[in-house]
Every structure is written in structure tokens, then in C-alpha cells.
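> Each chain is listed here by its residues.
Protein chains: 4
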Amino acid sequence: MPGSSFGHCFRISTFGESHGGAVGVIVDGVKPGLPLTVEEIQAQLDRRKPGQSSVTTPRKELDEVHIMSGLFEGKTTGTSILLILYNKDAIPSAYNDIKDKFRPGHADFTFLKKYGIRDYRGSGRASGRETAGRVAAGAIARKILNERGVSVIAYTKEAAGIKCENINLDIIEDNIMRACDMDAASKMVPLIERLAEEGDSTGGIVECRINGVIPGLGEPVFDKIEADLAKAMMSLGAVKGFEIGSGFSCASMKGSEHNDSMNKTGFVTNNAGGTLGGITTGEEIIFRIAVKPTSSISKIQKTVNLEGEEVEIKTEGRHDPCICPRIVPVVEAMACLVLEDHYKRQESLTI
Amino acid sequence: MPGSSFGHCFRISTFGESHGGAVGVIVDGVKPGLPLTVEEIQAQLDRRKPGQSSVTTPRKELDEVHIMSGLFEGKTTGTSILLILYNKDAIPSAYNDIKDKFRPGHADFTFLKKYGIRDYRGSGRASGRETAGRVAAGAIARKILNERGVSVIAYTKEAAGIKCENINLDIIEDNIMRACDMDAASKMVPLIERLAEEGDSTGGIVECRINGVIPGLGEPVFDKIEADLAKAMMSLGAVKGFEIGSGFSCASMKGSEHNDSMNKTGFVTNNAGGTLGGITTGEEIIFRIAVKPTSSISKIQKTVNLEGEEVEIKTEGRHDPCICPRIVPVVEAMACLVLEDHYKRQESLTI
Amino acid sequence: MPGSSFGHCFRISTFGESHGGAVGVIVDGVKPGLPLTVEEIQAQLDRRKPGQSSVTTPRKELDEVHIMSGLFEGKTTGTSILLILYNKDAIPSAYNDIKDKFRPGHADFTFLKKYGIRDYRGSGRASGRETAGRVAAGAIARKILNERGVSVIAYTKEAAGIKCENINLDIIEDNIMRACDMDAASKMVPLIERLAEEGDSTGGIVECRINGVIPGLGEPVFDKIEADLAKAMMSLGAVKGFEIGSGFSCASMKGSEHNDSMNKTGFVTNNAGGTLGGITTGEEIIFRIAVKPTSSISKIQKTVNLEGEEVEIKTEGRHDPCICPRIVPVVEAMACLVLEDHYKRQESLTI
Amino acid sequence: MPGSSFGHCFRISTFGESHGGAVGVIVDGVKPGLPLTVEEIQAQLDRRKPGQSSVTTPRKELDEVHIMSGLFEGKTTGTSILLILYNKDAIPSAYNDIKDKFRPGHADFTFLKKYGIRDYRGSGRASGRETAGRVAAGAIARKILNERGVSVIAYTKEAAGIKCENINLDIIEDNIMRACDMDAASKMVPLIERLAEEGDSTGGIVECRINGVIPGLGEPVFDKIEADLAKAMMSLGAVKGFEIGSGFSCASMKGSEHNDSMNKTGFVTNNAGGTLGGITTGEEIIFRIAVKPTSSISKIQKTVNLEGEEVEIKTEGRHDPCICPRIVPVVEAMACLVLEDHYKRQESLTI
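Top to bottom, those sequences are chains H, W, B and Y.
Sequential numbering from 1 applies to the first sequence in the numbering used here.
Sequential numbering from 1 applies to the second sequence in the numbering used here.
Sequential numbering from 1 applies to the third sequence in the numbering used here.
Sequential numbering from 1 applies to the fourth sequence in the numbering used here.
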């Protein structure tokens, strides 16, 4: 059974390889009558697109989205919305070197093992470009959530070993790291630029905060809010970890410390991270993900070729030295998709 | 849309509250012709059941499983298998104190907000007892996986602030912490016993290692193996974090460090944790989860009652001072369910 | 992927063989706070149970239902409801004759081909007894639908070649055929009694009328109301055909005859049968199913055994000479499950 | 929950309105390594396209399909395949008359009730043009089925009251009715041409025969082969009935007549229509559908407008006087989708 769909009542199905004809998404379950413009979707895609700054890949991609169905006179009709982004023509010769070798950290080996065939052009289906469809769909979910009074904001919390000491949500779009601390950002940038020059990369931690969610979202026992958020985030190629609220720090805490007591005004603390028993409390939902260093580096690496012979590989092209700034809008999009789906699921339960 | 099912080609649906008539599970997609005994399932349930040692709750529960369908002359028929565990009669008076108050760290508040009604007896559907169904189903998945050559083993890696320094998989069932390091276990136990005496609790980290999996499992782009494992683990009530391979430590690594290079014999390192692009590499799958301190403590805590008045609460009854030893078989069960489902999904793709 | 679940937002999963430990169903998606008694469910099961009259099997089955979860203080909690009916002990010797032979019209051959193993006791999973779970779940859906103002009523329209000329919905439960025409019923009964004496059986047509449904239910383009009703009905073992509104008679009509025109008060005719474009119009939903003659007959039949040798078979036991009267409550139950699911789906769309 | 997807292991999701940007489909679960050309898909679309003859609409549509993903060097990669057909520019003025009126027999009224908004251009999502996506996806399923040795053929059995007396599968593509009897076809054509001149339409019956299917396909208890076929067929806008094997004629048969006995060479008769207990027997699968007269007629009809006022309507444009010839390839496509899905489901069960 294929795994290219996500969500139930609000559901997306993505398609496309980085160098096929197009990438995109079908969005199902969008409420009818929602005013929607292509510009609103494009705005989110522009936050994800390559070539934004010195800490992202200078590669240019044609990330122009088209709405092909489900819209009539500027409003959603309640039927399937196809969002498509056409690919630029690939230059086949650019992939001659990776065609026969498995790039370390990439899905080259596993795709071949799984499917017995591999579209090696720009990672094919395993390309980060696939997330464009998610971001486009997420822009629709975000718009509906905004109407519900929900805000979703993510940012770089740590990168290249530099941690943000302060959290200022107002400056995130003002620095190319999308960090929440200007001082930290100013230290991250030169470090990452140097890594880029060396042909290397680094990782980081991205944090996401969601406010305005009603209490009661989440479907026991498997589709807990944090379970679906974890799945959403771990379905991003570069993510190696997920934690909510206290996260891994809970391991050494006592119950008397960790339990969030309540008073007349609500919860006194939020170690839970906005969910109890997998259901939202109405408090801020806060989670973090671990982002691995970009696999594409231009340093020489050791690997094997299709024949199993040991070879060296040097992936050409210009890649993101740190994926954090560009994964921020993807994290937000996935969070929006999870939440909008659960809003609808809760409605369908209690009716 | 309800959330009580898990898996696709190998699928379970659980039911039951801690003090209703029964808890249990329907297991669908079990291959026909598999020899199966109730004892094989009971053996896994016995690892999960209360009352095992001084670091688990001394509470006794009737955890006897019955196979009600899908079995004929000792073999599975390929149809739905109902596994049921009857509950002992509840003593309604035992819940008078928690009936009108929200226990900190519990799902009391959120269940009431979600459903408008709450079965307050022993946490109702949010009880850890619900995982008995998962363990019972997991025992079947485990048996099939063993035939496939797959082994799944979890253990306590850290508890009460004590970290295991060594990993010895042979001693896990020989210590009541189910820790992988006897020295660490011998330090954990007195610490946790003391916390229990104080009416407090603690958390920990559980690690899981899966060996023998073929390369090629995992369904891009959403149902990546690590995404489904993360969802499975985060769907357990006490889990606050999930990481695979390098996990959160990847954040400060360089790409040239993190990328697992290959040579003639396979992968040289395993920072990936057994998966690339969401598909198994054939290497060991290794992940960790963060287990929060048990919410049920007998210390006096501050909370509010149904009327929103500030009150104190002291949950009676004897609870697990640390859930790690008992969550280990649940983690293994959920991992087995994910893997068996993906084995079947892979088969259905390539046929 | 297994096929033992039905519905999405309101979903059931059935389990059980006719001679295993139990049959039953998990019902998910029931709205919380619904008052529910075991008697309400039992009442529907009693309409389905064997031994009701001279035109049903005189076989007695223990059809007592138990609610094992999802209910608290007489109200639904919004979580999974397990309904279980224990089987009486089977008498293994009773099946010696059918153990090695394929009964004509039964699923013996196909189950063995599919699963490689066959629970031959009383048809195993293919037994009509499996529908008890559907009827039990349908009783819950029916109760909710009644609150919504929806009524669902089915009846025998034709049996043993006798057609009902009049439709009187008030007399359906007053005749053992559950026919809508007393005159027709009085002709059907002696005919069917004679067939029973001859060890033979007959078929019929059951019609179902649903009133009070709001316009707007049905999910284009695949989950049209009539598509889901057809699937629901064709999933019953004895059903060979389904038609809605004009049904097969539409084949020789003109568009100018068939199109239902509208005036100020609504639709003038109802050839559509209550749905246009797969979405309810608000008019009466009316459909019919073809019920095949019961496969179990005591006449001598020709078949083959497991070794492929030609043999004769005479199925002992007392069977329904016509399944119509007992399939009526099953048809209603399945219709209720489809409608309640679509009510919830519609809510989740427009919110 | 939206209803625009069909199938599980082999799954399609369609999108598009008749006058939006495009119509099409995502196909998931296609086995990797399958050689596939755009021409193979186009060939099936050409059988469905308008303008083929005097008994189909003379309207011309641009039915050129493009493969946008999931193909690499002429072979499927095992990932999502997007098939897209761009729409020609609509002439908005052409819809002025139907904009404010509900066309009898069409989904105008129900779409407005359901969604509160209606894309009135050419029926929007309810247009028959939506089936182009199904046919395109079905062409892929058909190719795989052919490799499995399965053939699927449908044809007009009856139209305008004329029944085919003979069944000659070789002449179906040789007559514009796609009928199985040349004599009958030669009577149907002038009748239907006259109806077209009168601005009227007629219905018919389409029969489908599937050969070469292995025994064992179908998933009890809900996803029986005939249940999934019925759903597939009843999800086509013009279909009012479905029957398999003996179908509605079973109602007046005796069990001793209807039961298909077996001998050494297999089943002696095939009243079952190729399935027992919802599982394929290996015999020919044979089913029929009732096709209603085309709703679009140019005769003056009575209806109401958006304000509920009684008005007359005359739908301009040239429509199919009988949809049978063009629904034949759609029926085949849907049957292929059901079968390929069940082949995969069976594989995933027994592994």
C-alpha cells in the first residue's frame, strides 16, 4: 500500500520527482466557499524556495504554483484542489557521476533496493523538492486555521552548534537563518558560510509553537495529536528526532516536577507541551525537531557503485549548507495539515 | 474520524477502558496457517502486567488473554482475530476522589473537553491498561517477524537520571529495570524505591534495536519507516520524544561526519539508524524514546475541580514509580506492528 | 489489506466465525453522550435471529449481546464500543460430512483457495451469523439517525416468485415474511413451507425506503451515496443485485421520461431514488436488492471433495428456506451504517 | 472525509472539473519497472472521448493525456503517477442559461445543497469528463492485468429497448454502439439517431466479462469482489443498478437450480457470476449495469431556478443520446482498478 497520502478528513496526496514533469499535490477536504488566491499559496512557497540567501542553496528552481481544479470564481468548491509546479528541464549530463554511485546520506541505495529502479536525477522522488507540494497544501490549511484563530510559527532554535538564548518571534523572518535570536543568528551565519566554502554542511534544531487551538483535538488511542505531529515531522527527509513539551529532558525529572498543576486560570506550567492523553489542552503546543546536516556535500566521500566496488564521490552542484531556514515553512505546513485534519475529525465525532 | 486503529495491511483496532467489561484488540491481516497458541501471547502480556517487582505497581490485574476468533485447530485462518482480556470488577468508591477533580499529568481534563463525558474509573480509555491489546497483537506480529529473521529488543537506557554505560542485551530480562547495564540497574532500583516511598515517580529513556530487516521497507513520502515508528511510539501515553540513529545529536554534527559511507561490506557507520529516505537499509534500526515520570503520584498536588475551584488532590492507589520496565514490551510490540505492516506493504507494491 | 472494516467517520470492524468463541463488532465514531441500553441492540438482533417462524431456520442460536466497552453510566463515551455475542459450543461431529466436500453455492471452495485453510464448522467466517455484528452496530446508528429524523425500513417485495402488489409499511412486522402486502405474504408462506419440506429454498427481492435524510449527503466522486449503499448491500453473502430508484427499468426509458422535474414543492417524481450526482436530494431514498435462494438445501447435490473426486452431498441441519425475512433487519442495519457515516462526513467537510 | 480516492493497495485519486484547468488522476501502487507509454493510455481515452459517432455527442474535447511523474526512461518507478488532461478554455457565456436553474436529472441541485457553491460550467465536478481520469488510470491497471493473464471486456447488451440476442465479443469495436450483436446494433442506431433529433435520449444495459482471474481474490467480509465492483460501477453518474451472475433473476429461482454444482473439471454452471462468499472462483466474472438515459436533453423541461420559481429549461449543446458506447471503456477501467487492487491485497495477506 502506497504512502503518498497524509491526513483523513483533510487529506493531501503528493506526486512528482525533482526532474520529472512536475511536482505538486491534490488537496481534499477543503471546506467550500473559502476565498483563495494563487498568491497566498505562492507566498509560502517563496519561503521554501532555493536561492534565498548565503545559507541556502544558490540553485534556482521554478517554484511557480498553478491551481488546476477545485476553485471557482475565486472560491473553493469543496472538491479536490490540484496544485502543480512544473519542473525546469533537467540537464541529464549533470547526473552522470551519481548515476552509478550511492551518495552517502541519500536514499540512492534504499530506493534501488525497494523499487529495483531508480530515477537518479536530483534524487527523484526522494528530493526535498517534494515538500513543495506539502507547503502549497499547508498554505490552504493555514488560511483556514487562521480563521479559526490558530497561529503556527516555527524557527531555528539551534544550528551549527549555536543555540538561541532568547526567543523573539518577531525577528524570525528578519534573519536568513529564520532563528529566534538575532545574536545567535549572527554567529550561525559566518559559521555556516565557512562550512559551505569547505563543501560541508551542518544540522540544527527547529522549534514550532502553535497557539489558539481549542482543547479537545486528538483521537485516542493511536491518532494522538503528538503522534500525528511526530509522524508528520519524521516524514521529512532530514529529520532525526521529535520531542514535545519537556521532551527528552523529562527522562530525569520527577513526577512532582513534571506534572503541570492547574489553577483557576488554567495550567500553571506546560511541560506537557499542550497535550494530555494525546488531546490538546488549549495551551500552547510546542515541539522541536532534530535536523540532520544536509547529506549533499561537495567534499570527497567514500562509497560504492552499483557493482559494489569502492569508489569516491563528490556531489557537484550547490547545496544548502544548513537546511534549517528552508525547513521552517515545511514544518509549519505539516503542522497546519495535522491540525486542520484534527479539527475536522473532532467535528465529525461529536456531531 | 476515530483513531483506534493502527496499520494498514497488518492492522489492529483496540477497545476497552480500564474498568469497563474488557480490553482487547482485533488483529486483521494475519497470514493464514500460522500456528498460534494463547501461551505465546500471554508470555508477552506477562512482561507488561503490573505487580512484577518493587519498581512497578504492586497492583494486580487479571491479564489473562482469550482468543475468540480467527483460529482453527491451532492455526490462524487469515480472518480477524479477537483477543480479549476481561477486567476485574471495579470498586466504584475507589474513584470518588478523582471523580470531580482533574489529576495533574492525566487526561482527565482533555477527555472531558473532547467528549463532554468522562469515564473516571482508573483513567478509562486513557489508562495504560489499553496497551495490553497492543502487546497481545504485537505478540502475533513478533512471531511472524521471527520467522522472517527479524529480532526486536528494547530496554531501559536511562532512568531516574542514571545512564547505562554499557549495552548488554543478554541481561535485560535479568533485572527488574529491564536495563541494558547491570551496574546502572543496581543504582536505579534503590533510587526509584525511595521515590516510590516518597509518593513520587521518575522518567527514563528506552532504546529499541531491530535486526534482520530486509532493505526496502518504508513507503515514501509520508509513511517512512521512522515516521511510522515515531507515530507508534508517540501514541503511547507516557512518551514525550522519539529519535532515530544519531537523533538530536545530529544537530551539531557536520555532513561529512554524519553521512554513513559505504564499503564493500556495507555501511561503515549507522548514524542513519537503519533508514535512508525513510526506507530500511538493512542495517540495525535503532531508536530511543523519552518516557515521562508517571503522572500518578501520591504526593499532594494542586489542581481544580469540575467547578473550576482550586483544590488539592492525592491520588490513592499504588502506581508505577517508573514506567520504563513495563513500557519495554509495549515498545517492542508497537515496533513489531509497524514492521509487519511494512513487510506486507512492500510485498503488495512489487507484485 | 484485510476487508473486515466498513465506514470511515462511523466505522465498524466485525470478527468471529459461526463456531469459534464469539462473533461481534467494534463500533467507532459513536457520538459521546448517547444514552444506550443493551435492550435497544438486542431488539434488532432478535429480528435477525434464527428460529422465528416456519419460513426461517428452526435452528436456535444464542444471540445475546454484551456491551464490553465505550459505555459509562448508561451513556456512550465516544470511544470504541465492543459488542460481543458468545457462540454455543459447536458439535464437531456435525460437520464431518462437509469437512471434505465443497457445498454448492457456499464459500467452501473459495475460502480454501484464498487462505489455504478452512474453518469448515458452520461456514466459519462466511457464515450468515457474521451479520449479527452488523445488526448490533446498526442498532446504534439507527438510534442516532432517529434523533436526526431519519427512518429506515426494509421489507420483502417478492419471494418465491410472488410479487407484492401493494405496499403497506404498517404490516411488515405482522407477517412472518416481513412482506409489505398481506395477500402476497399469505401466498408466499405455504409455497416456502413446501419448498422447505422438499429440502429446497427460494430467493426474493427486498426493498428499502429511507426518509428524512437531509439533502447534501454523499461524497463525490467515488463515495456516492448509491455507491456506498450498493457496496454495503453487495457485501451481504446472499445478494446478487442492487438497484436504486428506477433501477434496471431505466434502460428502456427516455431521458424526457426519466428526468425528475422540479416545481415549487420539490421534485415531481423520484426516478432518481433520492440521489443526484451521488448526493441525496432530500427525497425518499429507495433501493432494492436481489436475494439468492439459500445455498444450504438438504436435497442431494453433486460436487467434488478435497481430492477433486466427484461426490454427492446432502447438507444436514435445518436451514432458512428463504432468507428474505431475516435479511430485512440486516439491510436496514447496513443502510443505517452508510447514512450515519455520511452524516458525519458531511459535517467534517463543511466545518 | 472526502470521496475522491478509490482503492487501497492500487489506489487512484481524481481531480478536476469539466471547465477548470485540467482533469486527471494520481495513480499510486503501480508496480515499479513496468514499461509504459503515453500512447497506451491515450488509446483507452480515445475510446471514451466525445465525437466518435452519430450516437455520441459531436462535441470535441481535448483529451490528450500527459504523464507528469512516476515514469523514468519509459518505465514506472513505483512512485505516484500523475496523469493530466488539460481543459480547453470554457466559453462562460455558454452557461448563462443553466447558471440559475437546476437541470432535471443533473447534480445541480444537490451540489448546491451540499457545498453551498456550484461550479455550473458544464456540470463542474459532476461532469462525465471526470471519468477520463479513471480511464487513464484503468489503462495502467489493465496493462498489469494483461500480464497476469486477465482480460476485461464490456459491451452494450441492450439500448433503447433493443436487446442483444447473441453475444459476439469480436464485433464490439466494429459497431458504434459497442454492442455484442450486429443485428441489434443496426436496430439501435437509427432509433437513437431519431431520439437525438428529437432532443431526447435513452438508456441501456452494459455487461462486463472478466476472464483469467485466479481463484481467491476478494476480502471478507465487506470488501467482497462483487461489493467492490458494485461500488465501482455505482460510482459512475449514470448507473442505476448492478447485478452479478444470475442477478435479479435469482429472486424466483430455487436453491437446487441456482447452486452451481462442481465436477472434476470445475463448476458446471456459473449462476454465481464468478464469486462465492465474495471471493473469486476462477470462473468468468460476469456482471451487468443499468445505464440511465442521458440527463442532458434539448427538449424543454420544467424545473425551478435558484429563487425557487418555476421555469422552463432547454439545455443547449450537443449531448450523447445514449451513453452506453462511451461508458463501456469506463466500466472496463473501473473493473480493472478493482481487480488489480485485489490482486495486491491478496498478495499482502498471504505473505
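Any given hint could turn out to be false.
Copies of the same chain look alike in the list, so a pair counts if it works inside one copy or between any two.
[Said to hold, decoys possible] Here are the simulated DSBU-like cross-link-like pairs (lysine-lysine), alpha carbons at most 35 Å apart as the crow flies:
hint, residue 1, residue 2
1, Lys75, Lys88
2, Lys143, Lys99
3, Lys113, Lys75
4, Lys143, Lys163
5, Lys187, Lys75
6, Lys60, Lys88
7, Lys163, Lys99
8, Lys113, Lys264
If you are wondering where the hints come from, they were derived from the structure by calculation, not from laboratory data.
> Work down the list of hints and note, for each, if the structure agrees.
Hint check:
Proximity of lysine 75 and lysine 88 under a CA criterion of 35 Å is satisfied in both settings, with 29 Å inside one chain copy and 21 Å between copies. For a Cα distance limit of 35 Å, the shortest separation of lysine 143 from lysine 99 across copies, 29 Å, qualifies, whereas the shortest one inside one copy, 41 Å, does not. In this homomeric assembly, lysine 113 and lysine 75 come within 35 Å of each other (Cα to Cα) only across copies, at 16 Å, whereas the closest approach inside a single copy is 44 Å. With identical chains, the CA atoms of lysine 143 and lysine 163 are at most 35 Å apart within one copy only, with a shortest distance of 31 Å there and 45 Å across copies.
In the homo-oligomer, the alpha carbons of lysine 187 and lysine 75 never lie at most 35 Å apart, since the shortest distance is 45 Å inside one protomer and 48 Å across protomers. Taking CA atoms no more than 35 Å apart as the test, lysine 60 paired with lysine 88 passes in both settings, with 10 Å inside one copy and 31 Å between copies. In the homo-oligomer, the alpha carbons of lysine 163 and lysine 99 never lie at most 35 Å apart, since the shortest distance is 38 Å inside one protomer and 44 Å across protomers. Taking the closest pair of Cα atoms, lysine 113 and lysine 264 come within 35 Å of each other only across two copies (16 Å); inside a single copy the shortest separation is 57 Å, beyond that limit.
Hints 5 and 7 from the earlier list are contradicted by this structure; the remaining hints agree with it.
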